[in-house]
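Please construct the entire structure, taking both the sequences and the accompanying hints into account.
There are 2 protein chains.
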Amino acid sequence: VNCEVIAVGTELLLGQIVDTNSSWIGERLATAGIDSHYQTKVGDNLDRIVSVLRIALERSDAVIMCGGLGPTQDDITREAIAQVMGVPLVRHDDIVEVIREMFGRRGREMADSNLRQADVPEGATVIPQRIGTAPGLICPVGPNGERVVYAVPGVPYEMEEMMDRAVVPDLQERSGDRSVILSRTIRTWGLAESTLAETVQPRLDELDRRGNPTIAFLASGMEGIKVRITVKAADEANAQQLLDEEEDELRAMLGDIVFGTDSVSMEQAVGRLLADQGLTLAVAESLTGGMVGSRLTNAVGSSEWFRGAIVAYDSQVKFDLLDVPEGPVVSEDAARAMAAGVRKVLGADVGLSTTGVAGPTEQDGMPVGTVFLGMAIGDHVEALETRLPGDRDRVRQFATISVLNLLRLRLLEATRN
Amino acid sequence: VNCEVIAVGTELLLGQIVDTNSSWIGERLATAGIDSHYQTKVGDNLDRIVSVLRIALERSDAVIMCGGLGPTQDDITREAIAQVMGVPLVRHDDIVEVIREMFGRRGREMADSNLRQADVPEGATVIPQRIGTAPGLICPVGPNGERVVYAVPGVPYEMEEMMDRAVVPDLQERSGDRSVILSRTIRTWGLAESTLAETVQPRLDELDRRGNPTIAFLASGMEGIKVRITVKAADEANAQQLLDEEEDELRAMLGDIVFGTDSVSMEQAVGRLLADQGLTLAVAESLTGGMVGSRLTNAVGSSEWFRGAIVAYDSQVKFDLLDVPEGPVVSEDAARAMAAGVRKVLGADVGLSTTGVAGPTEQDGMPVGTVFLGMAIGDHVEALETRLPGDRDRVRQFATISVLNLLRLRLLEATRN
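Top to bottom, those sequences are chains R and F.
Counting along the first sequence from 1, when you hit position 251 you're at 251 in the working numbering, and nothing is skipped either side.
Quick note: to get the working numbering, add 1000 to the position in the second sequence (first position is 1).
If you are wondering where the hints come from, they were derived from the structure by calculation, not from laboratory data.
Hints are not guaranteed to be accurate.
If you want the footprint, here are the derived chain F segments under chain R, 3+ residues with CB under 8 Å [claimed, not checked]: (1) 1012 to 1019; (2) 1122 to 1129; (3) 1209 to 1220; (4) 1284 to 1292.
C-beta atoms are modelled at their ideal positions from N, C-alpha and C, and glycine is treated no differently.
Laid out in structure tokens, this is it:
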């Protein structure tokens, strides 16, 4: 089975939105072992949508249409599919009720325009909506339904959920290919991509000769560098075993720069170590302005080990509330005092702190990107100076993950003593 | 003249690279007043490139091909264009010399594979390369050259330079149209897309009859709903005036749900109002865990009006530091006490607070999504209960923007009293 993608929306052609959906879908199809040779973007124009859909169905077994399922008059993906199928749209009362309920739960009245989202081409199967108001569609095309058009919403998280729940499984069933392709991502922080690649080069050379598993590097900014292992095997158990073996190989080469796999974030890695060691945490933030607390509380279960944070943005707040000595607040001393102070004020075992210059202009004679990270565990208080690249937002993001990584490395060391 | 875009590269289909080039080109074409109805991505496969190019030339006057001009064997855009033109590739010795010189200046020897970059379809015009080693191409198609194919490199800054220097001017000359197209985005928070659309429906109907300006809605999750105005005019001054007039029309219909235009964020809108009124702000955060502070400090100049925040994640921190009365912490009373408490502790004019249930499980008998927002200005203290949709992250994001919007509305009211 091969499957192509059509992204619908005039805003995509005008460059007002970058079409990341097609890339996401392309990656998912590749991982599932489904060939995808073309991707098309087209505006909110019925004749043109119909024409690209016809072209796609001539050369591909399956087509995923993304976007144009909203409630407004320019959302016409449903109409285009019905026209290509040569069938009318039929309003489904049960979908109307689901949408009405969704609005009700939010204390809102459903607008009449939302009724259009309950229109389904005759003969199509509905993919029930779980997040947004638009259901997806599975539409058989051709006398024996030998081709298929899927319609999914253009809102990324709605689309992604529906792809994984309904579209990819349906495509895999059609393909009849029973071999299983699985991926696992090893997440790292602290090495440049080129250095990381050199570290694992011998292993890459060996895998190149074998052809399976394959390894790819994805530089992901403040999410670190991801090392993705992809394996192909006869069944899931074998695929999982290959993934486990390869993960062990790479972890042995990469050491402590690995902080987790797949969706495990830096904050989750830190949270697990804190929970294992029965420690609580408090944070004093200056340039990060709440980002460290925000990331930590993103981890489910953070209420077990996170006490809270003090965002001491104004210098006076640092002096008054955290007992930082009067003087330059972008300094090692200030970082130490903030970490020790917040640990005491919030009654935690561990205190972390960030202070520095996010920009756009220098401060206290310090250039943009100068950041001090502080940590206090019991009587041990330390500070680390670092210089971070990029604009205001990137400096803040990198400071956030850097201070979390500092804590992670110290907690790892503690487990070895 | 209308012009479509074909991006060439298997890595684009696999989702290893997001195709930002097509978006960039799309925006440039729109600004230049050139219609663009389709964008296609295709892999490094000769037959498939030829087939999409033929389809494009049937429906568009001009085609921009982006990528596939490199020196390696899978760079075959030149071959595909020559095949569609029905002409051979001819090696240009002068291009060979330019490439050899470029390598020489970098102290390198030119590889033989780079010779392929000097191959030009017979009858095509060369766009001299200035940055990378690949020249661009302008290729007339058809008996009288009534259609045209442009080839530009896939490296973004090489492509962008060539587009502005050669491709867009050539297209404008062919079109003979000197009109200018400009867009402006009005940013809103607080209405569902369908309700918003109904509110401005009379205006949309009127514009539909006129055809200029045009209006589009973009639902952007926690960034609210964007209303984009696009105008076409004889020159830039007239285009700006049309934008101004249409913005006034829409603002009059939409009222206070408009918080800014173009890149103005909610935190910038709030920051401006605070600065105008000479007020300072402090925030007490529970479920948002630092997100409110993080967004506020993202605004350049926030140090003028933002004192700081207390992330009181643990209930005891609420009682001890913010003077919240012991009892249920997901409540109106707690939200009020937090807002008043943080205002006092951090010495600010205004206190804001968030407390609620982000999930994944209910808390104190309150369902996931229950959120209380508090605000204290002087002696005035209030709290608002709301029910927010989505998963943990979305509940937190929506709580963040909702509390900022609450403050914005109150500050707007203050300017009217």
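Hints versus structure:
Closer than 8 Å: that is the beta-carbon criterion, and the region 1012 to 1019 of chain F has 8 residues meeting it against chain R, so the requirement of 3 holds. Counting residues of the region 1122 to 1129 of chain F whose CB lies closer than 8 Å to any CB of chain R gives 0, which falls below the minimum of 3, so the coverage claim is violated. For the region 1209 to 1220 of chain F, the assignment as covered by chain R holds, since 4 residues bring a beta-carbon within under 8 Å of that chain's beta-carbons and 3 suffice. A stretch counts as covered by a chain when three or more of its residues have a beta carbon under 8 Å from one of that chain; for the region 1284 to 1292 of chain F and chain R the count is 7, and the coverage holds.
In the structure shown, a violation is registered for the earlier hint numbered 2 alone.
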